[in-house]
Amino acid sequence: MIPAPFDYEVAESVEHAVELLGSREDAKVLAGGHSLIPLLRLRFTRPALLVDIGRIDELRYVRDAGDKLAIGGMTRHHNVQHDPLVQEHCPVLSYAAGLIGDPQVRHRGTIGGSLAHADPAADFPAVLTALEAEVVIRGPEGERTVPVGEFVTGVFDTVLRPQDVLTEIRVPKLGPTGWSYLKFTRRAQDWATVGVTAIVRRSNGTVDSAAIALTNMAPKPVRAKAAEQALTTPNDIEAAAEASLEGTDPPSDTQGSADYRRHLARVLVRRALGEAISS
Amino acid sequence: MLALSFSLCRKELAVGQVSITVNGAEHILELEPRELLVYVLRERLGLTGTNVGCDTSSCGACTVLLDGESVKSCTLLGVQVDGHEITTIEGLATNGTMHPVQEAFHEQHGLQCGYCTPGFIMAAVSLLDETPNPSEEEIRHALEGNLCRCTGYQNIVRAVQAAAGVEV
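Those sequence lines, one after another, are chains G and R.
Here this note's numbering is used: the first residue of the first sequence is 4, the next is one more, and so on.
Here this note's numbering is used: the first residue of the second sequence is 68, the next is one more, and so on.
Hints were generated in silico from the structure; no laboratory data involved.
Treat the hints with caution; some may be incorrect.
To be verified - Simulated coverage check for chain G against chain R, where a stretch passes if three residues somewhere in it have a Cβ under 8 Å from a Cβ of chain R: (1) 50-58; (2) 97-107; (3) 156-166; (4) 227-234.
Don't be surprised by glycine CBs; every beta carbon is placed ideally from N, CA and C.
The shape of chain R in the complex, shown without the other chains:
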């Protein structure tokens, strides 16, 4: 796994084999080095819950967890996560029960069109893992890497507070 090497084949494109665990399932994939993780998730694995927004590392719509930490999957190469674990929005619910953060976004109406929502939820899951009882200010700072263009951040912040167990 560590000694990846890429042989030239098919129209001079280098391709290498990687093993990525996504939402608990291991996938062995032949990837071109230039394939971005977000497209590996969406187009190779059909996990289209992770959205592409700005494609410039700004909007956070493509946020997933890499070994439990939030990252922007448009700014990672698939080959960089060889041997690592990825969690996407599809991997949060267990046995048909929504994750508490999903439940809180639902209850608090932390969305309008919903396009940014998977990214916000993944960023919030990572935040609450690192800081289980964040202040409102900490929540707002921790969500700086995610943009909502529909409305505002009021209900999103409220949803994260609710997920953290704060009365809202």
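This is chain G alone, in the form it adopts within the complex:
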């Protein structure tokens, strides 16, 4: 399968990328290419111009930013997985990175690319939703920061405008928390049929607060607020698992029906909370 013809430009800086994106109708950013190139090959998308931001080395980093970590948009899954700062301060993100695709994919795919692509079955968007990450975007009018909950607007859809480049993702340092990311797949390396991120804070054996987010249970990541409430008031995992379905709208596809996904979500929320609380 060969993509339809397109023009190609290498951006040498973020500013250059923004400029190049404005030079043509239907220009698209090429990051690691592991979502875009499969779509190009299938000719699901036929952009006129690809702007390659893969050579902007200053977009690859993980930095300590006080109570947060700042992660450059072009940081590859492999580096998110193995970065010592991410492992220390945000282990759920490192762990989830290691479950994306396979080693070859993780050597090329990027955290910014994955989030900007906004596939409902991708791992990072829901994990970042549970983390209440912030997304830094650079466009023709300068820089702006958007909470991740507002960043993804639907299936493959975000607040990114045609000339915008996602430059950085900021995640909180978690401190002492229990966490879990569980992903159900039919085969190794598959997209998540359903995934669950759970992060809990405890004191004296009870859960004070929880953040739960679901992968592939709606067109965009679902923050399961009702489940969080159910868990924190009487510390009832079963009640939380039941409540996790509130606000979901799971798809039916070859991986599973909507009903099957609801079942999976309940089971995975229960297991993830068990794991997070005991970890």
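Starting from the known structure of chain G, fit chain R onto it as the hints suggest.
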């Protein structure tokens, strides 16, 4: 090299010049941006050891090393690797002596029809570079991106263990 720009020519196809080092030899090539690396290797350079299997980034038959790390060459554009180093299965042996991973696949019979083998070997070389002493579980996880449809993974895993110096 960094300031690639593509002028329109020949039937409105954009073509740009890139320099790619493959198995130690530098190649200057005129590429269309849409040319996938796997076809650059196979059709431009005649390196047909790298196979095309699924063409959907799933099977790993097209795995090569990009600056030493395993990647799927069906999911990279040739122009993206301008200025970089690629190693294919043809580049592993030195002076007619097989690479230890090749030798181990041979010794342990880590193949049946052999179609997936170059991809498995390149993935294993990358794994052992990152994790020189992997456990069996680590090997199985690290080979998730490669599919064998002949038989199973038993001898493939055994071959990687043997290459890592484990008694098998």
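Evaluation of the provided hints:
As drawn, the region 50-58 of chain G meets chain R at 4 residues by the rule of a beta-carbon pair under 8 Å; at three or more, the given contact holds. A count of 4 residues in the region 97-107 of chain G with a Cβ less than 8 Å from any Cβ of chain R is obtained; the coverage claim is therefore met, three being the minimum. Only residues whose beta carbon comes within less than 8 Å of a beta carbon in chain R count, and the region 156-166 of chain G has 0; fewer than three means the coverage is violated. For the region 227-234 of chain G, the assignment as covered by chain R is violated, since 0 residues bring a beta-carbon within under 8 Å of that chain's beta-carbons and 3 are needed.
In terms of the numbered hints stated before, the structure departs from hints 3, 4, listed from lowest to highest.
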